[in-house]
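Working from the sequences, and respecting the hints, build out all of it.
Residue numbers (numbering that gives the first Met the number 0), protein chains in the order written: chain R, 0 to 192; chain B, 0 to 174; chain X, 0 to 295; chain U, 0 to 669.
Each hint should be verified, as a subset may be incorrect.
For lysine to any residue, the following SDA-like pairs were computed, each having C-alpha atoms within a straight-line distance of at most 20 Å [claimed, not checked]:
| id | chain 1 | residue 1 | chain 2 | residue 2 |
| --- | --- | --- | --- | --- |
| 1 | R | K172 | X | E36 |
| 2 | R | K174 | X | Q67 |
| 3 | X | K11 | R | T170 |
| 4 | U | K354 | U | L371 |
| 5 | U | K409 | X | P158 |
| 6 | U | K409 | R | G177 |
| 7 | B | K5 | U | T113 |
| 8 | U | K663 | B | Q49 |
| 9 | X | K11 | R | T163 |
| 10 | X | K146 | X | G264 |
| 11 | U | K458 | U | T434 |
| 12 | B | K57 | U | T113 |
| 13 | B | K5 | U | D656 |
| 14 | U | K33 | U | G7 |
| 15 | B | K116 | U | E533 |
| 16 | U | K354 | X | Y166 |
| 17 | X | K217 | U | T480 |
| 18 | X | K137 | X | L28 |
| 19 | B | K57 | U | L371 |
| 20 | U | K304 | U | K329 |
| 21 | B | K30 | U | G276 |
| 22 | U | K486 | X | R218 |
| 23 | X | K217 | U | Q516 |
| 24 | R | K174 | X | E36 |
| 25 | B | K114 | U | E533 |
| 26 | U | K410 | U | Q516 |
Simulated from the structure, these hints should not be mistaken for laboratory data.
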Amino acid sequence: MEIQRTIKYDADRVKGFGREVMNVPGCEQLESCIQCGTCSGVCPLSIYMDYTPRQVMALTRGDFKNEVLKSHTIWLCASCYACTVECPREIRITDIMYELKQRAIHAGIYPKRFPIPVLAREFSAMVRKHGRITEMLLVMKLFLKTNPFAAMGNWRLGVDLLKTGRFSLATEKIKQHGDIARMLDATDAKKVT
Amino acid sequence: MNKEWKPRIVAFFCNWCTYTAADLAGVSRLKYAANIRVIRLMCSGRVDPQFILDALSKGADGVLIGGCHPGDCHYVEGNYKLLRRFQMLKRMLKDLGIEEQRVRLEWISAAEGEKVKRVVNEMVGQVQKLGPLGIPQKFEEWDKEMEHFATQVAEKDAACACACAERDKPALATA
Amino acid sequence: MKYSYFPGCSLKGLGRAYEESLLPVMKHLGVELQEIEDWNCCGATAYMAVDEAKACVLAARNLALAEQQGDRPIMAPCAACYLVLNKTKHYFHDYPAMKDTIDRALGAVGLRYSGNTPVRHPLDVLINDVGLEAIKQKVRKSLKGLKIATYYGCQLVRPYATFDNQYNPTTMDRLVETLGATVVRYPLKTKCCGGSLTGTVPEAGIRLVYILLNEARKRGADCLATACPLCQFNLDAYHAQVRAEYGPVLVPTVYFTQLMGLAFGLPERDLGLNRAAIPFKWRPTEAPPAKVAAAA
Amino acid sequence: MMKQQANGEIRIGFYICHCGHNIAAMVDCPDVAKYVEKLPGVALSRDYKYMCSDPGQELIQKDIREFKLNRVVVASCSPLLHEHTFRGATEAGGLNPFFFHMVNIREHDSWVHTDRKEATEKAKALARAAIERVAYHQALEVKRVPIHPDVLVVGGGIAGIHAAMTLANAGKKVFLVEREPSIGGHMAKFDKTFPTLDCAACILTPKMSAVGAHANITLWSYSEVTKVDGYVGNFTVTVKRKPRYVNEDLCTGCQECIANCVYKEPKFADEFNEGLGKRKPIYISFPQATPQVVLIDPEVCLNFKRGTLTDKCKKTCVEACGEKKAIDFKQMEEIKEIKVGTIIVATGFQTFDAKRIPQYGYGIYPNVYTSLEVERLVNASGPTGGEVMLRDGRHPKAIGIIHCVGSRDKKTNRWCSRVCCMYSLKLAHLLKEHTEAEIFNFYIDMRTPGKSYEEFYDKLLEEGVHFIRGRVGEVTDWAMTPEEEGKLVLRVEDTLAGFVRRIPVDMVVLATGLEPQADAQAVRRMFNMSCGSEGFFLERHPKLAPVNTFTDGIYLAGACQGPRDIPDTVAQAGAAAAEAMVLIDKGYMEQEPNTAYVLQEECSGCKSCIPLCPYTAITFDEVKEKASINEALCKGCGTCVASCPSGSIAQRLFEDDEVFSEIKGVLAYE
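In structure tokens:
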């Protein structure tokens, strides 16, 4: 039997983390959370989460940065916004989940070979390059980068899609694809200041 | 204008709604800009346009009036009476070249402490942007100009006076 | 009625059938769609997870292009695009910082966004601009006898949709009823289909797909009607995995536009019905000959 | 300036109060005192810890005598709080109380600002304004208005009943007006009352019949107040009495007519039973209804539907009534006008409409009930005789009670309705008693503040009722597992266990919150009261004047002022009655002498002021061709003053000189 301590010491907090998140546009309302659990109650994926959405709110507000960013919860969020529209305190939980995902990606802490961050990164890389998404390429890349066996398993699906012409091998591009890169850089430039 | 300049705003609050709301803001420890000076009246209907003009001419950079919401006046319809007066006054102020953000009318019920905070902060912000109205100083300038004219006129009169005297002489002589 | 048309990546790929059926139907109703010249990916949910500001900037480019190419409302058929474009519009108005970022980024490529152009979904347009009466007029082959579970999915009505009730939307119900079909009570109409999780965390995604299909079957629906390419994809393409996990649940999922096409009697090959993995075999019966005679 | 000289040498005493740290923490009181000391007319200037304390007030009196002060200014809290106190002190010191003026540097300064320097400057400016102003103050006489001894109580719930009884027992004449056919309000619908579980009817009905029988109470049920004129001590109230088509004085409540109605079976939704039961066109709300008088519903009574002229209906009810001749199909709506001196508003609350939260399925799933419906369901005199039977005839094996429906929710009502936790516990107990079902309570926070309330919670825990801390996400009928088939499923996070659960039940009870009556705004206007942001009537002071309104002579009782349970309601009703009696027994009410008056010599007789006065206090003297104001009628708003083109109307306490000098004062400070 393997045991580990679950107690949290004040040193485990990253003081100011909660405040930081609450200062992000769309996340302000977190302050007024009453921990009623409505978010978890309506969340279709809460049944798989290591921390329920409610707990993520509590942890975030309580400055438990590492716990939050390590949790599967933020990656399991399918952004269906059920929690956001049901929350009796009008907390935009989905937007908070986005914010936490971003922080996780930037901090590079997320479950290893957990495909979602990879998808997100590949997705953005492709957008930057071509301006549009060619699902075929995206999916291929994604599976090859994560676990090839899944790719094999899903191969039938790929074939199906090709047969029904829903997966084109041609790359979707926009004319001014240089623009995208330029805009995104401009965005960063702004953010530095 | 030096950075230290802070707008001075005179407020006329009705006893039943807005003044009470301001009390509520206090009891709830809401925080707002300190540039506002509240004068309590029984009803916004008591606000005489002269009060507003007087405040501006005595150096206020803005005037805020708070009354009960339409239909809620403690005295049935004092706030409507004010509204009519106020609209006329606004036109006049425009002609005088006084920016309209400087004079503001708000309906704030006894329960709206939050609104007091919001309105005061907004208004202070706006007036801060507009800068000082400085009518007293303007008065001084105008007075100077007037003196100047007065002296000029006086000289003219003097000059003309002797001129006339010259012209009239012969006539006098003939008489 | 003119609209700037923003297809989004999916309608060129997985959701091809959606565009294929949408365009003729809209044309048939006299709704003019002007595809936004050189549109780019809306940013979608995945990009939101990387960088909100960038996601909004991406979306804003499309909004700006649309404004540049004509003062028309934007029509975004993909629920995800619809949400992201609207979200960007909201952020543009609600958060000065975001506005600056967007202005800055667009400025870098000589574009400008005013923040006024409305972003609308085909359902919104059909119900509120075209109107059910006009649609009724166009029905040639009534869908009488077809039992439909209307499935709105999540992002179509949450959180920004203003044209329908977030908790119990009814626009699609009213629409298909106008086409003559019957709507089965389907309490899952706004539940999540798993989105991209079907690919990334199959055990979770597939389960959601199963629940949606199975409940539709239990309530005696012949098909699910959807208004989102990802929903359609998830409910249709993963039947193999669903079968493997829970046994076969072969309820076809069609786009509401395909149903309209059928009801309007448009040529089937134009409606992309062949693209579904779970084939939708049901067909309306020909209009009674008497009518035809009258028409002739 | 004239007047100021006329007032002779001005000797002002200025006092600034620290109010402990409330003011001193943000305002440099000694500094302000020092500043004021140098102002013209100021004879002495002090700062003191608590001016409102006895020593503080004595200080003022002492100084008035020793330093020959003839004006007093106190800078402390809001005049709405202590102006009265300090006027008293000024008077006790031998001056006319209106030679006093108050400066609000707490609510309007120290409590709302964060920069000590700015707050102190503001205090100086406000103090200076008062100094400038007070010099113009005149000696004034307080006006006394007589108080009419009769009282109007609006609303016949437990609050109105208790207030009316208290006053009547003290020998006051009371008019009790109730909108429904019977008094009793919500309480009459309840089965038991928490935490003692004594039956509501047993404790309420004796009071109800006492009201009906009391010689000092005029009970007008099925009536509504439509108009209120006048002012404290002298209100004129118009009451509309709706026709019940039965003569109240002749009906003995024998109910023969009901038994003999042409409708053999009751078939119309019964309001009192929340539509769970049925009644006939001629009916009585409930067995103990007060007054014991039946009424006819013209919407469904054949005699009305088929038209009174073509006599198609057999009128079996009339036959049954026989000699009493109580039934009167020709009865008309009656308009009554009464004079009262004080009014107690006890119009109560309405329960939240559960349909506004579609996720909980009320109106979609027949076995989802509101708490009020369940009150009737478990009530022995209810539609099922106390048998808990679902709409589909089954008996529930599992029941879920959802708390906070329409409470603590920014999308519906933000406030906590205060009674739901306790009544949910009560219903849980009663349902358990009646059904032996497994019962789940879903709560966000369990709120049981009150005498032996927590003990009641303990009792429920011991009874084996489940308590799950979590707000239910949705109530649905789609099954994941075999045991969920055909049940209502609640999806909820068990927040204390930390995971999500799906719980199948047969019956869902929605603990709907309390909210203001739909017509609260209209009522508010009629009685010239204010409403809080959530729509309940606003008390004059949350702590020190909880039953007073901003209109003198009008008091609040019960849930119309905010959600509260029966004990609190009764206590408050008593308080309101006491407040009314204070005025009645005193016999008069002192009023601010802030009335307007015409400066005869200056009035040009343009008449423009006359239509402005909402109290018709201004008349035109045709002989002198000048306006004149009846100060008995004037309420002192000052609208006419501000509007007089020739500036020939003035208002006491708010003379132009006084306001102008105040303006000068607030701006003079550099």
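Verification of the hints:
1. R:K172 x X:E36: 12 Å, holds
2. R:K174 x X:Q67: Holds. K174 (chain R) to Q67 (chain X) sits at ~16 Å (cutoff 20 Å).
3. X:K11 x R:T170: The given pair, whose Cα atoms are some 11 Å apart, holds under the 20 Å limit.
4. U:K354 x U:L371: 14 Å, holds
5. U:K409 x X:P158: Measuring from Cα to Cα gives roughly 16 Å; hence the hint holds.
6. U:K409 x R:G177: It is violated: about 46 Å lies between the C-alpha atoms, which goes past 20 Å.
7. B:K5 x U:T113: 15 Å, holds
8. U:K663 x B:Q49: 13 Å, holds
9. X:K11 x R:T163: Between K11 (chain X) and T163 (chain R) the Cα gap is close to 13 Å, so the pair holds against 20 Å.
10. X:K146 x X:G264: Holds, at about 19 Å.
11. U:K458 x U:T434: Holds, because 18 Å separates the two Cα atoms, which is no more than 20 Å.
12. B:K57 x U:T113: 27 Å, violated
13. B:K5 x U:D656: 28 Å, violated
14. U:K33 x U:G7: At roughly 25 Å apart (the allowed maximum being 20 Å), G7 (chain U) and K33 (chain U) break the hint.
15. B:K116 x U:E533: 19 Å, holds
16. U:K354 x X:Y166: Distance of about 12 Å is within 20 Å: holds.
17. X:K217 x U:T480: Since the Cα atoms of K217 (chain X) and T480 (chain U) sit roughly 13 Å apart, the hinted pair holds (cutoff 20 Å).
18. X:K137 x X:L28: 8 Å, holds
19. B:K57 x U:L371: Given pair K57 (chain B), L371 (chain U) is violated - Cα atoms ~63 Å apart, limit 20 Å.
20. U:K304 x U:K329: 14 Å, holds
21. B:K30 x U:G276: 55 Å, violated
22. U:K486 x X:R218: 15 Å, holds
23. X:K217 x U:Q516: Given that 20 Å is the threshold and the Cα spacing comes to 43 Å, the pair is violated.
24. R:K174 x X:E36: 9 Å, holds
25. B:K114 x U:E533: 15 Å, holds
26. U:K410 x U:Q516: With a Cα-Cα distance of about 18 Å, the restraint between K410 (chain U) and Q516 (chain U) holds, given a limit of 20 Å.
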